[in-house]
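Participant: Sequences and hints are given; from them, build the entire structure.
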Amino acid sequence: NAGVTQTPKFRILKIGQSMTLQCAQDMNHNYMYWYRQDPGMGLKLIYYSVGAGITDKGEVPNGYNVSRSTTEDFPLRLELAAPSQTSVYFCASSYPRGGVTDTQYFGPGTRLTVL
Amino acid sequence: QKEVEQNSGPLSVPEGAIASLNCTYSDRGSQSFFWYRQYSGKSPELIMFIYSNGDKEDGRFTAQLNKASQYVSLLIRDSQPSDSATYLCAVGGRGAQKLVFGQGTRLTINP
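These protein sequence lines are chains G and A, in that order. Under the working numbering, the letters of the first sequence match residues 1 to 115, in that order. Under the working numbering, the letters of the second sequence match residues 116 to 226, in that order.
Derived by calculation from the structure, the hints in this document are not laboratory data. Here a beta-carbon is modelled for each residue, glycine too, at the ideal position from N, C-alpha and C. Among these hints, one or two may not hold up.
Unchecked claim - Quick list of simulated restraints, FRET-style, between CB atoms:
(1) G/19 / A/173: 38 to 48 angstroms
(2) G/44 / A/192: 26 to 36 angstroms
(3) G/40 / A/225: 33 to 43 angstroms
(4) A/182 / G/95: 24 to 34 angstroms
(5) A/173 / G/108: 39 to 49 angstroms
(6) G/61 / A/123: 18 to 28 angstroms
(7) G/65 / A/226: 43 to 53 angstroms
Facilitator: Given below as structure tokens:
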């Protein structure tokens with residue numbers, strides 16, 4: 001299994017440009033997540049999905065959009081990029097069992113710079 | 116606002132000693148607790164999880180949970196230079212399947 005994969009690894013955008021960060025998992029996990037991590041900080045949840053066709057906002061959703069058409073893929077769309085979106089973006093997935101929050105497995109990350 | 120607090124460090128520990136990392140959380144309804152290790156420029160990787168009060172040991176790592184005090188800790192015995200990393204505490208609530216992360220503690224093991 002490849003686990004959670006993300007593309008691209010690095011990207012530089014100009015202010016106002018748009019792009020899509022790709023995330024895929026081959027573990028048949030129904031839950032998927034997008035986080036951003038600013039330097040020296042923890043992870044902030046942007047959006048998450050509990051299954052195909054179902055998404056919900058996290059703590060910092062402004063400036064981003066998501067879709068989930070398949071179990072495997074969970075792309076993150078940035079519209080009108082701003083310098084404040086310079087960050088490292090991590091995708092994660094989990095397969096909850098029982099009522100407690102289960103372990104999340106992370107992709108390698110995408111380092112995005114907006115100039 | 117659910118919060119998870121960690122001392123950002125850096126925490127410096129001599130090789131072979133015990134490193135102690137601490138985390139407090141604000142939501143009394145929290146039910147699952149995770150420690151992730153993150154090397155510089157890499158993604159977080161799971162070290163341990165704990166659901167019940169008390170201690171849980173896995174090799175050189177011990178997680179300790181005290182729900183009454185809303186406190187979770189990670190002990191690393193016989194610290195090695197390869198343990199030098201940032202350690203993230205994450206807390207999950209019932210059913211929501213979302214984690215709240217602390218800002219991380221940077222640990223340096225000195226040879």
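Participant: Could you tell me whether the CB distance from residue 19 of chain G to residue 173 of chain A stays inside 38 to 48 angstroms?
Facilitator: holds, 40 angstroms
Participant: Given the hint of 43 to 53 angstroms, is the C-beta distance from residue 65 of chain G to residue 226 of chain A inside that range or not?
Facilitator: Holds, since residue 65 of chain G and residue 226 of chain A (Cβ atoms, about 48 angstroms apart) stay within the stated range.
Participant: Range hint 33 to 43 angstroms: satisfied by the CB atoms of residue 40 of chain G and residue 225 of chain A?
Facilitator: Since the Cβ atoms of residue 40 of chain G and residue 225 of chain A sit about 21 angstroms apart, the hinted range of 33 to 43 angstroms is violated.
Participant: Taking 26 to 36 angstroms as the hint, is the beta-carbon distance of residue 44 of chain G and residue 192 of chain A inside that range?
Facilitator: holds, 32 angstroms
Participant: Evaluate the given range 39 to 49 angstroms for the C-beta pair formed by residue 173 of chain A and residue 108 of chain G.
Facilitator: Once the Cβ atoms are compared, 24 angstroms apart, the range 39 to 49 angstroms for residue 108 of chain G and residue 173 of chain A is violated.
Participant: Go ahead and decide if the range 24 to 34 angstroms is satisfied by the Cβ distance of residue 182 of chain A to residue 95 of chain G.
Facilitator: holds, 25 angstroms
Participant: Return holds or violated for the Cβ distance of residue 61 of chain G and residue 123 of chain A against the range 18 to 28 angstroms.
Facilitator: Holds - the Cβ-Cβ distance for residue 61 of chain G and residue 123 of chain A, about 26 angstroms, lies within 18 to 28 angstroms.
When held up to the earlier numbered hints, the structure conflicts with 3, 5 and fits the remainder.
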